[in-house]
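Novice: Protein chains in written order, with UniProt numbering: chain G, 1 to 226; chain Y, 1 to 672.
Mixed in with the good hints there might be a few duds.
One-sided excerpt, in silico: chain Y residues whose CB lies under 10 Å from chain G [to be verified]:
hint : residue
1    : K480
2    : E497
3    : K500
4    : T618
Don't read these hints as lab results, they were simulated from the structure.
Even glycine gets a Cβ: it sits at the ideal position worked out from N, Cα and C.
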Amino acid sequence: MNLKQLYKLLLFILLIPVLSSCFEVVEEISMKNDGTGDVVLTINLSQSKTKVASVMLLDSVQGYKVPSKQKIQQELNEAVAYLKKSEGISNVKSTSDFNNYIATISFSFKDVSNINNITKNILAQQKIKATNTSSYTYNKATKTFSRKYQAIVTAKTEFNKLKAKDKAVFNGATYTSIYRFESLVTSSTNPASNVSKSKKAVMLKSSIMDLINGKINVSNTIQLSK
Amino acid sequence: MKKILIAISLFLSFNLAQAQDLVKKIPSNAFTVATIKGDNIFKLMFVKDFNESFVGKKLLTETSKSMDKNFTSIEDFGINLEKNMYYFNQLSDSITYNCFLIPIKDAKKFESLINNKEKKFTQQGDIRTMVLPDSTGIIKWNNNMLYFVTGSIRGSFFADSAKSARYGIKDIRFQGEDALAVDSTAVLADSAVAVTAEPMIEEVAAPVIAKAKVQKKPTAKKNTKKIVATKKSGKKKPAKKSKKAKNQEYEIIYPEAASDSTGMTPVHGVVDEQYDAYQQERAEQDLKKKRLAFTWMTAQADQIFNGTYESIESNKSYSASLDNKAIAELWVSSLQDVYNSIAPEFGTYGKAGLMKGYGSLNAKLFMDNKSFRISTGLELAQNQADAYKKIMNRKLNKNFLKYVNSEKALGFMSYSIDSKAYLEEFPKLLKQTYGSFLGAKMDEEIELGTDLLSLLLDEEAVSKVIKGDALFVINGLKSKEVTYTTYEYDDDYNQKEVTKTKNETLPDFLFMFSSEDTRLINKLIKYGIHKSMVTVQDNIYKIQEKKSPVDIYFMIKDGIVFFGNSLSEMQSISTNQQNNKISKLHKDLLSKNNFSFLFNAKNLVGKVPDSEIGGEETAKKFNSTLEKMGNVYMKSNPIKGRLVSADISAEIPNGHENALKYLFSLIENAAK
Numbered sequence: 001m002n003l004k005q006l007y008k009l010l011l012f013i014l015l016i017p018v019l020s021s022c023f024e025v026v027e028e029i030s031m032k033n034d035g036t037g038d039v040v041l042t043i044n045l046s047q048s049k050t051k052v053a054s055v056m057l058l059d060s061v062q063g064y065k066v067p068s069k070q071k072i073q074q075e076l077n078e079a080v081a082y083l084k085k086s087e088g089i090s091n092v093k094s095t096s097d098f099n100n101y102i103a104t105i106s107f108s109f110k111d112v113s114n115i116n117n118i119t120k121n122i123l124a125q126q127k128i129k130a131t132n133t134s135s136y137t138y139n140k141a142t143k144t145f146s147r148k149y150q151a152i153v154t155a156k157t158e159f160n161k162l163k164a165k166d167k168a169v170f171n172g173a174t175y176t177s178i179y180r181f182e183s184l185v186t187s188s189t190n191p192a193s194n195v196s197k198s199k200k201a202v203m204l205k206s207s208i209m210d211l212i213n214g215k216i217n218v219s220n221t222i223q224l225s226k
Numbered sequence: 001m002k003k004i005l006i007a008i009s010l011f012l013s014f015n016l017a018q019a020q021d022l023v024k025k026i027p028s029n030a031f032t033v034a035t036i037k038g039d040n041i042f043k044l045m046f047v048k049d050f051n052e053s054f055v056g057k058k059l060l061t062e063t064s065k066s067m068d069k070n071f072t073s074i075e076d077f078g079i080n081l082e083k084n085m086y087y088f089n090q091l092s093d094s095i096t097y098n099c100f101l102i103p104i105k106d107a108k109k110f111e112s113l114i115n116n117k118e119k120k121f122t123q124q125g126d127i128r129t130m131v132l133p134d135s136t137g138i139i140k141w142n143n144n145m146l147y148f149v150t151g152s153i154r155g156s157f158f159a160d161s162a163k164s165a166r167y168g169i170k171d172i173r174f175q176g177e178d179a180l181a182v183d184s185t186a187v188l189a190d191s192a193v194a195v196t197a198e199p200m201i202e203e204v205a206a207p208v209i210a211k212a213k214v215q216k217k218p219t220a221k222k223n224t225k226k227i228v229a230t231k232k233s234g235k236k237k238p239a240k241k242s243k244k245a246k247n248q249e250y251e252i253i254y255p256e257a258a259s260d261s262t263g264m265t266p267v268h269g270v271v272d273e274q275y276d277a278y279q280q281e282r283a284e285q286d287l288k289k290k291r292l293a294f295t296w297m298t299a300q301a302d303q304i305f306n307g308t309y310e311s312i313e314s315n316k317s318y319s320a321s322l323d324n325k326a327i328a329e330l331w332v333s334s335l336q337d338v339y340n341s342i343a344p345e346f347g348t349y350g351k352a353g354l355m356k357g358y359g360s361l362n363a364k365l366f367m368d369n370k371s372f373r374i375s376t377g378l379e380l381a382q383n384q385a386d387a388y389k390k391i392m393n394r395k396l397n398k399n400f401l402k403y404v405n406s407e408k409a410l411g412f413m414s415y416s417i418d419s420k421a422y423l424e425e426f427p428k429l430l431k432q433t434y435g436s437f438l439g440a441k442m443d444e445e446i447e448l449g450t451d452l453l454s455l456l457l458d459e460e461a462v463s464k465v466i467k468g469d470a471l472f473v474i475n476g477l478k479s480k481e482v483t484y485t486t487y488e489y490d491d492d493y494n495q496k497e498v499t500k501t502k503n504e505t506l507p508d509f510l511f512m513f514s515s516e517d518t519r520l521i522n523k524l525i526k527y528g529i530h531k532s533m534v535t536v537q538d539n540i541y542k543i544q545e546k547k548s549p550v551d552i553y554f555m556i557k558d559g560i561v562f563f564g565n566s567l568s569e570m571q572s573i574s575t576n577q578q579n580n581k582i583s584k585l586h587k588d589l590l591s592k593n594n595f596s597f598l599f600n601a602k603n604l605v606g607k608v609p610d611s612e613i614g615g616e617e618t619a620k621k622f623n624s625t626l627e628k629m630g631n632v633y634m635k636s637n638p639i640k641g642r643l644v645s646a647d648i649s650a651e652i653p654n655g656h657e658n659a660l661k662y663l664f665s666l667i668e669n670a671a672k
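Can you build the whole structure from these sequences, using the hints too?
Specialist: Put into structure tokens, the structure is as follows:
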């Protein structure tokens, strides 16, 4: 047994308590009254950084190839480049922290519907045939912000095909969406959502598992004061 | 003294009486022998218990249903459950026999089992014979035993026309298409030769010839080029004319048909007919082969029943492999022989004798009130065994045992080899295995390579730096505080990054190997410190590697190099404050074997926080699975004579009478 093999064995042992990991996905949208706004997307794996660091040292884990740091950075850069070309999108930035395993992408949009096109195009690029499952609209006249979301049926069936230990990866993962506005929020239709004390923001927190299983729907219509 | 002798002889005669075993019926040239030892199995579980078990019930109801009978006990099958059942096979260049020998207690019961619709078996004396539909197998039995044989003819044997001719069998290949497509005389010549090589005169299906004759005239006129082809092949004619006229005409069909390529239909017609003829002949030959196989099988079965011959018991390798405590055994005669017998089908590789040096193989299954155990053994050639003996001539450093904490250890793995002997013997073994494989041409190069290796390596010096024994042990789990980044939100839901801490459970590992000469390692450490890859505190070195998810420490003490991820453990080793207790099982495993591996799942139960396994539910399952597992371990046994062997054992949890019953309960649980 050479040292490299020993090291692999050691890593394998570190990973024994199943690959369950906690990670956070946060989506923030700040809307201005004129319909323009900013988006920040964050993926934070720092709660599982020991495991992620172990996984990163392996070539593959549970039959999946582990991407290298360079590969991840490259993908992130490609995403930025793609966004920069997208209609109505500007000010695209990304950050990556490979010590804590946190990555963010932020950009500004002219109209919130610009985001819909991005998801549509990405889905098309990935050759996923799905009716647009998530779309944002903002009506300047009525000052209503709405998100229509439909659980992707295929996501659930695909997910159920995964092995139990692969599914466990998503245990404890959370999804948070925050919408901020310049005007006060008068109503938010999704019962799982909370309106902030200042009445200028709405937050919805859910587990990724519930989202995949369709247990929770993140659709929401937010009425702003006129 | 007399009493003792009487006792011994009594014991022996008792044993002989018991030994009225069907093994006597297995010929000495059997290739594989598998045994299921009824008496040992039903010692662990009474027949009554078996009948009432989940598996037993299922078996009885299913067979009752399919046979339209009512079985209440496996004894109803008429098999003698207290004796051994055997499977063996015999290989020859022409046929492979798969044979089963089953002891019979009540032939009537057995007959009622197979004799449900029409009486198909014949009786001669007390021997009854039944032929399986399609003549693929024969069952023969009397009041004490049942013999079932199936035989399969080996294709390679009948591909050799000289051999197959002896049995009036031709090797037939369909060549119509090829000959048509490749308008070449070479093909023709070949096929002509192939046919003439067969001395047996077979009737060629008439239609083809008739058709060819009809077509001969017009085509010959049409295409002069093709006539040349015909003529060329025709040149061969005189040589074989005397032998058989019909066959020649059959050969000529090919060019004739080819020449007629302008008119598609006749060609196709010819091909179809040729193919039909080919099919027909093929079927005929297959039938012949089948009949031959059946004749051989019948003779073999008669021999087993009535003949006298040397039994496998006289085979030393076989008899040495037996263990009267095993509940099932498998023995495969020399791997080299196996390899050579299959070799013709592998072409050139066979001649290389890749398996040179490997003898018979055996495996035994044991079940008792404590564990399952599988023991495997492999016989080596003398020189190979000697080489391994030299390599294995090292015991694990006894000081290693101080660092195993049996109460907490999740598992360990150890090995000990003589690294000097290994470096010296390895090239030789390599040469033996691959030398013949690469052929005589490469001999010199291999010799050169192995010599070069010996020249470059100072085996003695290397073996001082790394003596060849090592132990990897996980002495439990430790909780460690780690920080992570998350978010908090203010009244406006503005995000604020905050750092929180949580506990992570990590295994504490310790790896050690012996080293007599640590100068090289010390130099490496110095270099590491110089390049700031290593830091040192109180003789404990820490590897500065940012990528690593855990800290790794190492140190050298009393001729042992330690690696580990627990600083406290390292410190206590450094200051001799280790207070570990090693259990007898662990001590024996480590100190008596060249290789050992152990996993003790119980020490993991409840040690990992639920949140880290993925929720309460998963954790529950995880823990209950672990609880059901006893120690699982592997070890290599010392070489005995020319036999290398290894054991794998799995202990059963408390509260189960024996491993067989535990296995049945596992199956029942799984089926629920």
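Novice: Are the hints correct? Go through all of them and say.
Specialist: Taking the hints in turn, this is what the structure says about them:
1. Hint status for Y:K480 relative to chain G: holds, with the closest Cβ pair at about 9 Å, below 10 Å.
2. Among the interface hints, the one on Y:E497 holds; its C-beta lies about 9 Å from the nearest C-beta in chain G, closer than the 10 Å criterion.
3. A cut of 10 Å between beta carbons decides the hint on Y:K500: the least distance to chain G is about 9 Å, and the hint holds.
4. At about 6 Å, the closest approach between the beta carbon of Y:T618 and any beta carbon in chain G falls short of 10 Å, and the interface hint on this residue holds.
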